[in-house]
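Visitor: Residue numbers (the numbering used here), protein chains in the order written: chain A, 1 to 497; chain B, 498 to 812.
If you are wondering where the hints come from, they were derived from the structure by calculation, not from laboratory data. We treat Cβ as the ideally placed atom computed from N, Cα and C, and that holds for glycine. Don't take each hint at face value.
[Said to hold, decoys possible] Derived list of chain A stretches under chain B, where covered just means 3 residues or more per stretch with a C-beta under 8 angstroms from a C-beta of chain B:
1) 51-62
2) 265-272
3) 464-475
[As the list claims (entries may be wrong)] To give a feel for the contact side, a few chain A residues facing chain B, derived at Cβ under 7 angstroms:
4) Glu137
5) Pro145
6) Ala405
For reference, the chains in residue letters:
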Amino acid sequence: MLAIAVPAAGVVLAMALGGRQAERIALAAASAGLCIALAIAANIWQSRTPIAYHLGGWAPPLGIALRADGLSAIMAVTTAVVICAIGLFARQGFSVPEGAQEARAPMVFWTLLMGVWAGLNAVWFGADLFTLYVALELLTFGAVPLVSLDGRAETLAAALRYLLFALLGSAMYLLGVALFYGAYGTLDIALLSGLVRAEPVVWVAVALMTAGLIAKTALFPLHLWLPPAHAGAPAAASALLSALVVKGSFVLIVRIWFDTIPSLLNQAAAQMLAALGAAAIVFGSVLALRQERLKLLIAYSTIAQIGYLFFLFPLASAPLRVASGTTELWTGVAWTGGVLQLVSHAVAKAAMFMAAGLIAEALGHDRIAGLGGIARVLPMTVFAFGLGGMSLMGLPPSGGFVAKAMLLMAAVAEGQWWWSVVILAGGLLAAGYVFRVLTPALAATDAPLTLRTPVSSGRQGVVLALAICALLLGLVPLRPSLLLEVGRHIPTTVIAR
Amino acid sequence: MTAAMVLDVGLALLVVAVAVWIVAAGSAFAAVVGFVSFGLLLALAWARLAAVDVALTEAAIGSGVTGALLMTAASRLRPTESRSAGERPGAFLHVVAAVLAVLVSAGLAALVLIPASPAPSLAPAAAVHLPELDVLNPVTAVLMAYRAVDTLLEKIVLLLALIGVWSLAPDRFWGGAPGLWPRSRPDGELTLLARLLPPIGIVVGIYILWVGAIAPGGAFQGGAILAAMWLLIMIAGLRPVPEIHRQWLRLVLVVGPAVFLTVGFAGFFLPNGFLSYPAQFTKPLIIVIEVVLTLSIAAILGLLVAGPPERERQR
Numbered sequence: 001m002l003a004i005a006v007p008a009a010g011v012v013l014a015m016a017l018g019g020r021q022a023e024r025i026a027l028a029a030a031s032a033g034l035c036i037a038l039a040i041a042a043n044i045w046q047s048r049t050p051i052a053y054h055l056g057g058w059a060p061p062l063g064i065a066l067r068a069d070g071l072s073a074i075m076a077v078t079t080a081v082v083i084c085a086i087g088l089f090a091r092q093g094f095s096v097p098e099g100a101q102e103a104r105a106p107m108v109f110w111t112l113l114m115g116v117w118a119g120l121n122a123v124w125f126g127a128d129l130f131t132l133y134v135a136l137e138l139l140t141f142g143a144v145p146l147v148s149l150d151g152r153a154e155t156l157a158a159a160l161r162y163l164l165f166a167l168l169g170s171a172m173y174l175l176g177v178a179l180f181y182g183a184y185g186t187l188d189i190a191l192l193s194g195l196v197r198a199e200p201v202v203w204v205a206v207a208l209m210t211a212g213l214i215a216k217t218a219l220f221p222l223h224l225w226l227p228p229a230h231a232g233a234p235a236a237a238s239a240l241l242s243a244l245v246v247k248g249s250f251v252l253i254v255r256i257w258f259d260t261i262p263s264l265l266n267q268a269a270a271q272m273l274a275a276l277g278a279a280a281i282v283f284g285s286v287l288a289l290r291q292e293r294l295k296l297l298i299a300y301s302t303i304a305q306i307g308y309l310f311f312l313f314p315l316a317s318a319p320l321r322v323a324s325g326t327t328e329l330w331t332g333v334a335w336t337g338g339v340l341q342l343v344s345h346a347v348a349k350a351a352m353f354m355a356a357g358l359i360a361e362a363l364g365h366d367r368i369a370g371l372g373g374i375a376r377v378l379p380m381t382v383f384a385f386g387l388g389g390m391s392l393m394g395l396p397p398s399g400g401f402v403a404k405a406m407l408l409m410a411a412v413a414e415g416q417w418w419w420s421v422v423i424l425a426g427g428l429l430a431a432g433y434v435f436r437v438l439t440p441a442l443a444a445t446d447a448p449l450t451l452r453t454p455v456s457s458g459r460q461g462v463v464l465a466l467a468i469c470a471l472l473l474g475l476v477p478l479r480p481s482l483l484l485e486v487g488r489h490i491p492t493t494v495i496a497r
Numbered sequence: 498m499t500a501a502m503v504l505d506v507g508l509a510l511l512v513v514a515v516a517v518w519i520v521a522a523g524s525a526f527a528a529v530v531g532f533v534s535f536g537l538l539l540a541l542a543w544a545r546l547a548a549v550d551v552a553l554t555e556a557a558i559g560s561g562v563t564g565a566l567l568m569t570a571a572s573r574l575r576p577t578e579s580r581s582a583g584e585r586p587g588a589f590l591h592v593v594a595a596v597l598a599v600l601v602s603a604g605l606a607a608l609v610l611i612p613a614s615p616a617p618s619l620a621p622a623a624a625v626h627l628p629e630l631d632v633l634n635p636v637t638a639v640l641m642a643y644r645a646v647d648t649l650l651e652k653i654v655l656l657l658a659l660i661g662v663w664s665l666a667p668d669r670f671w672g673g674a675p676g677l678w679p680r681s682r683p684d685g686e687l688t689l690l691a692r693l694l695p696p697i698g699i700v701v702g703i704y705i706l707w708v709g710a711i712a713p714g715g716a717f718q719g720g721a722i723l724a725a726m727w728l729l730i731m732i733a734g735l736r737p738v739p740e741i742h743r744q745w746l747r748l749v750l751v752v753g754p755a756v757f758l759t760v761g762f763a764g765f766f767l768p769n770g771f772l773s774y775p776a777q778f779t780k781p782l783i784i785v786i787e788v789v790l791t792l793s794i795a796a797i798l799g800l801l802v803a804g805p806p807e808r809e810r811q812r
């Protein structure tokens with residue numbers, strides 16, 4: 001509970017005290033939040049059982065439970081690490097100018113940063129479909145104003161478009177929640193999983209909720225809002241939106257499919273989701289290759305990388321055909337691979353957006369054609385961008401490599417080879433767009449580059465540290481992670497049999 | 498056919514008719530007027546279904562606050578409305594949207610009309626614990642005890658929404674006052690209304706808050722009525738719109754969620770943990786939280802309608 005309450009209290013305090021205090025409160029909340037997330041993860045790692053917390057002592061179905069399993073623990077730690085890095089990175093861009101008591105952008109940024117964080121933690125730990133709806137609302141209302149933080153007309157238009165997509169998604173999700181309550185009289189995920197039957201109301205509810213959440217996750221073909229929104233936001237906000245916010249709605253889809261209706265998981269629908277994911281990989285990557293601007297390129301790459309996540313649905317559920325006895329192993333591999341893709345993309349993408357932000361600040365523009373020789377002046381930043389890019393391509397050693405290798409292995413072992421073709425092609429395309437940036441950046445130029453503003457090595461260091469985290473994720477062994485198996489539905493039922 | 502049934506069928510037809518009228522309305526302003534009456538009719542429909550809490554909320558939020566917001570937007574758009582007339586979607590898009598809407602409605606109607614027998618419900622379970630909470634309105638028990646965390650987080654959502662609205666202001670106006678300019682002459686009818694209504698409205702708002710413990714009502718509905726009264730006074734120009742940097746204003750905005758959170762944290766010292774209430778103080782604590790929440794909700798809703806700051810901060 002503390003994980004949600006601390007950032008929420010941060011919002012309230014920052015609003016009350018305002019001015020310079022907002023930044024201090026956010027950074028204090030960030031360090032406290034990191035400790036809490038690590039404590040929860042350590043507890044689950046040791047006990048190997050999920051933790052449940054009944055709020056106010058009211059047990060479901062009447063009350064609300066929070067539940068921490070392996071997935072929530074990993075996501076909470078990732079969130080805390082990325083938010084701490086964003087907080088440190090943003091100290092320079094979002095500080096109150098001398099002589100003023102309070103300024104617009106810093107006040108909005110720091111309060112919304114904590115608001116988004118509270119929403120994310122509520123998504124990771126929520127075990128009640130309506131609490132998860134409230135969490136989605138926190139995410140929406142925290143994320144949308146961040147897009148238009150700089151107040152230009154085109155970012156306002158992007159924010160408005162994002163808002164419309166997000167609200168439509170929320171409304172569809174809420175409709176599904178209402179249908180679930182009407183049919184079964186409870187919203188608790190664990191209780192629902194025991195009650196659901198294969199009947200029309202469940203299919204309609206799940207279809208509505210999935211469609212709504214897909215719009216929020218920006219899965220192809222509902223991705224249209226993402227590129228202008230993520231590219232138009234300030235770098236620190238883009239990192240938050242691209243690395244974490246879209247993952248919130250994705251994890252909700254996972255919660256619905258794998259936790260709420262595990263017994264009804266439909267292989268045909270799972271194949272369809274993965275097909276959309278495959279289309280996202282191809283479209284996102286090809287469009288990323290054609291971008292002129294660095295931030296737009298990174299935004300389109302987010303669409304492609306989100307596509308990989310959806311391979312989780314066919315690969316981690318019941319396989320089509322597989323040698324008996326190894327089912328459990330391969331779905332477990334796919335599950336770990338999918339979650340690792342979630343984590344490594346979060347870390348790598350945050351690092352890349354912030355690196356792009358530093359480059360744009362230094363040059364005054366982010367046209368890819370004008371990046372010539374930037375690696376000479378900002379070596380750490382370009383290095384960080386390259387490390388993040390390695391993870392996107394899936395080169396060893398990086399988190400992206402392990403994630404994609406595991407998905408690939410599971411796809412081949414489960415006889416769904418067609419997905420492995422897309423995974424490999426996606427890696428090649430990613431290499432294409434990453435090198436489109438790196439080649440001019442590393443090129444030797446005759447004329448020395450003049451920087452508009454000097455870039456502090458501290459901020460470069462934060463970005464590099466995050467990129468190295470993405471690299472270190474490559475040391476995760478290529479097998480189902482024990483931590484991630486905690487509280488996962490399918491294997492526990494399989495073992496019980 | 499009984500008289501009640503005639504009333505219900507008439508109400509249902511009227512709701513649909515007003516909805517059609519909104520879609521067909523020529524100007525945004527006319528559509529907003531239709532929307533407000535649509536909300537009031539819906540509130541009547543909820544009341545007929547014995548969901549008085551929903552009816553109150555629909556009237557206050559769905560029709561009142563949202564209506565005020567749309568009204569402001571429509572009056573601001575008026576100068577550009579004739580220019581954008583050519584950009585209206587074509588007939589094809591209209592047909593597609595209509596077909597989709599009909600399909601969705603038909604699907605939902607089919608699902609709702611297939612009876613789940615008996616329809617599962619938590620209502621009996623919610624009623625069982627009312628005596629120990631010393632609260633007679635089950636809706637209040639759900640909002641303040643069983644699902645208190647949802648209520649708490651929704652208040653944070655409201656704060657985020659307000660910050661989002663404020664964030665649309667130009668940098669130089671940050672800290673200044675929202676642009677709700679007084680729109681009436683000092684001797685006009687609006688001013689008269691703004692002098693007559695608030696004393697009654699404030700009493701009604703407080704009554705609705707207070708009665709929430711035993712009958713339909715509570716912080717949100719009471720807060721919305723108070724917000725409406727405050728807005729009326731500000732629009733009539735009887736009191737200025739406060740500048741958003743004011744310390745007292747910020748405190749009013751956060752006092753509700755802050756007290757709620759503090760009580761929540763205090764629960765860690767009790768056996769049941771976060772957001773639990775000590776047995777003998779349950780009722781007083783719920784009332785205190787509801788009172789401060791009402792204050793914050795009234796302030797937040799009022800400022801949401803007032804919009805982003807549009808004047809420079811006074812020194």
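Visitor: Does each hint hold? Answer for all of them.
Guide: Okay, the hints, checked on the actual structure:
1. Restraint check on the stretch 51-62 of chain A versus chain B: 8 residues with Cβ-Cβ distances below 8 angstroms, three needed, restraint holds.
2. For the stretch 265-272 of chain A, the assignment as covered by chain B is violated, since 0 residues bring a beta-carbon within under 8 angstroms of that chain's beta-carbons and 3 are needed.
3. Only when three residues or more bring their CB closer than 8 angstroms to a CB of chain B does the claim for the stretch 464-475 of chain A stand; here the count is 0, and the claim is violated.
4. Look at Glu137 of chain A: its Cβ gets to within about 5 angstroms of chain B, closer than 7 angstroms, so that hint holds up.
5. Among the interface hints, the one on Pro145 of chain A holds; its C-beta lies about 4 angstroms from the nearest C-beta in chain B, closer than the 7 angstroms criterion.
6. Nearest Cβ of chain B to the Cβ of Ala405 of chain A: about 39 angstroms, over the 7 angstroms cut. The hint is violated.
Going through the hint list in order, the structure does not satisfy hints 2, 3, 6.
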